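Trainee: One letter stands for each residue in the lines below.
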Amino acid sequence: MTKIDTSRPDSVLPTPSHTVGPFYGYALPFPGGGDIAPVGHPDTITLQGYVHDGEGTPLPDAFVELWGADPDGNVPDTDGSIRRDPATGGYLGRNGVEFTGWGRIQTDADGHWYARTLRPGARGHSAPYISVCVFARGLLVHLFTRIYLPGDEAALAADPLLSRLPDERRDTLIATDQGNGTYRFDIRLQGEGETVFLEFQ
Amino acid sequence: MTLTQQDIDQEIAAEHAAYEKRVADGAPVEHHPRRDYAPYRSSVLRHPKQPPVAIDVSQDPELVELRSPAFGDRDITEIDNDLTRHHRGEPIGERITVSGRLLDRDGRPVRGQLIEIWQANSAGRYAHQREQHDAPLDPNFTGVGRTISDADGSYRFTTIQPGPYPWRNHVNAWRPAHIHFSMFGTAFTQRLVTQMYFPSDPLFPYDPIIQSVTDDAARQRLVATYDHSLSVPEFSMGYHWDIVLDGPNATWIEEGR
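As given, the protein sequences belong to chains L and X, one line each in that order. Okay, so the first sequence: first residue is 1 according to this note's numbering, each after it adds one. Okay, so the second sequence: first residue is 1 according to this note's numbering, each after it adds one.
Bound-form chain L, shown alone (with noise of 0.2 Å):
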């Protein structure tokens, strides 16, 4: 059942999801997979924050992607976040010039990630933000959220999902800033306070 007969498109049915589980740290982790931002770029911000479960324990085994547009709401279609070394198989690391737009970072024994991007440009109708998925053991299925920067409120009013959302929830979407363009930005799985997620159809 596992191949695919592409000339009937009823028998084209999605692969279902599973976890990550706790035993991914070799395979998809990467060094620098954080540092998004080129070296010394003027429009760096660093996002922060933890990853609670419905006890608002923080996890420890958790990992988030980034994704976002670029300051003026470019997507970037650079590849190089994962750049390898062929000559011993290790990483090289980003090159530290051009931006991929892309991360992924795993949360620490804390619970906490961090990251340094550039801060993303608007597209389309939407205030800019930054497009995260969540993966964890234990979470069969990833989770969609956003980030969304403090600061203009106009542009938040206006943004098609945040303006169909209680006052409450929107604000799990919207990071608090910390000044020195530092955003904290919490992702509760579960219970008080529990983040928006997305579904996109």
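Everything labelled a hint here was simulated from the structure, so no lab data went into it. A quick note: this is a predicted structure, and the numbers were derived from the prediction, not measured. Beta carbons: idealized from backbone N, C-alpha and C, even for Gly. Check before you lean on any hint, since a few could be wrong.
What the hints assert, rightly or not - Straight-line C-alpha distance at most 16 Å; calculated EDC-like pairs for lysine to aspartate or glutamate:
id	chain 1	residue 1	chain 2	residue 2
1	X	Lys49	L	Glu55
2	L	Lys3	X	Asp106
3	X	Lys21	X	Asp216
4	X	Lys49	L	Glu194
5	X	Lys49	X	Glu62
6	X	Lys21	X	Asp215
7	L	Lys3	X	Asp36
8	X	Lys49	L	Glu199
9	X	Lys49	L	Glu192
10	L	Lys3	X	Asp152
Unchecked claim - Over 10 Å on every C-beta distance to chain L, these chain X residues come out as not near it, computed from the model:
id	residue
11	Thr2
12	His16
13	Gly107
14	Thr158
15	Trp174
16	Asp201
17	Ser231
18	Val232
19	Asp242
Said to hold, decoys possible - Listed next, the stretches of chain L that the computed footprint assigns to chain X, with coverage defined by at least 3 CB atoms under 8 Å from CB atoms of chain X:
id	stretch
20	49-59
21	106-119
22	182-193
For this one, chain L is given, so just place chain X on it according to the hints.
Mentor: Quick look at chain X alone, frame taken from chain L:
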């Protein structure tokens, strides 16, 4: 209270029956697990209780989620898809070749996208320091690979048949042998992480992770097919596994769907 396999079996059966009833009552087929699936105990505190908020992508073709990060030759080495060649010696176990195509919901190939895999060694042990199963580590096997789909959407890995292993969901819990897969599509909405299984594994009925896919046909799509034409003479056993990414992509909009 000790949680036994019998307890889990009953919960799995109840979830399956509830799903069958929903479908019989007219609910749509569920291709993916529900995030709230209690037989897999780690899901209990890690699933949202609020329903997800729907985004109709046809309302805005500029959504960043309708585009995908790019990966290229810089992001892989030539032997990243041969997990038997990452150390100085040969890993222990049966060599296998796993190949298939990465497709979208319209059956079109997803080209030039990243596929990452990880797995236990032939003894059922991950190269991970938090792994508690005391099966032997293999100094010649890390169990990690990656590749980029070709113009036909095809991928190919050479690796070692992973072993089943115990875990602590309940007493005497064993995972059927599997390879973890992570895929990107042409849109970030199509992101997929899953696990590929091997045909006729006797552990399927007992495992709450594979059983979290309550639709019988969907569950079968996680099981590779033995394919003799993929077996390499004097070298490896061949398995075929096609992957279909879910989620809307930009092309659907262009076609007005």
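Trainee: Give a verdict on every hint.
Mentor: Tested hints:
Straight-line distance between C-alpha atoms of Lys49/X and Glu55/L comes to about 13 Å, which keeps the hinted pair within the 16 Å bound. With a CA separation close to 15 Å, the supplied pair Lys3/L and Asp106/X stays within the 16 Å bound. Restraint check: the Cα-Cα separation between Lys21/X and Asp216/X comes to about 13 Å, which is no more than 16 Å; the hinted pair holds. Simply put, Lys49/X and Glu194/L have alpha-carbon atoms about 8 Å apart, close enough for the 16 Å limit, and the pair holds.
Proposed proximity of Lys49/X and Glu62/X is contradicted: the alpha carbons are some 30 Å apart, above 16 Å. Proximity of Lys21/X to Asp215/X is assessed by CA-CA distance (about 12 Å); at most 16 Å being required, the pair is judged to hold. With a CA separation close to 30 Å, the supplied pair Lys3/L and Asp36/X exceeds the 16 Å bound. Between Lys49/X and Glu199/L the CA atoms are separated by roughly 14 Å; this keeps the pair inside 16 Å, and the hint holds.
A distance of roughly 10 Å separates the Cα atoms of Lys49/X and Glu192/L; the hinted pair therefore holds under the 16 Å criterion. This hinted pair checks out: Lys3/L and Asp152/X have alpha carbons roughly 14 Å apart, not beyond 16 Å. The beta carbon of Thr2/X is kept farther than 10 Å from every beta carbon of chain L, the shortest such distance being approximately 21 Å. A cut-off of 10 Å between C-beta atoms confirms that His16/X is not in contact with chain L; the least separation is 14 Å.
Non-interface call for Gly107/X relative to chain L: violated, since the shortest CB-CB distance, roughly 3 Å, does not exceed 10 Å. With a closest Cβ-Cβ approach of about 15 Å to chain L, Thr158/X is found to remain outside the 10 Å limit, as its non-interface label requires. Interface exclusion of Trp174/X from chain L stands, the closest Cβ pair being 14 Å apart, more than 10 Å. Separation of Asp201/X from chain L is adequate, the least Cβ-Cβ distance of about 14 Å exceeding the 10 Å criterion.
For Ser231/X, the requirement that its beta carbon stay farther than 10 Å from each beta carbon of chain L is met, with the minimum near 15 Å. Non-interface call for Val232/X relative to chain L: holds, since the shortest CB-CB distance, roughly 19 Å, exceeds 10 Å. Distance to chain L contradicts Asp242/X as a non-interface residue, since its nearest Cβ pair spans about 4 Å, not more than 10 Å. For the stretch 49-59 of chain L, the assignment as covered by chain X holds, since 5 residues bring a beta-carbon within under 8 Å of that chain's beta-carbons and 3 suffice.
Residue count for the stretch 106-119 of chain L with a Cβ under 8 Å from a Cβ of chain X: 0. That is fewer than the three needed, and the coverage hint is violated. Judged by the Cβ-Cβ criterion of 8 Å, the stretch 182-193 of chain L is covered by chain X as claimed, because 3 of its residues qualify and three suffice.
When each numbered hint is compared with the structure, violations occur for hints 5, 7, 13, 19 and 21.
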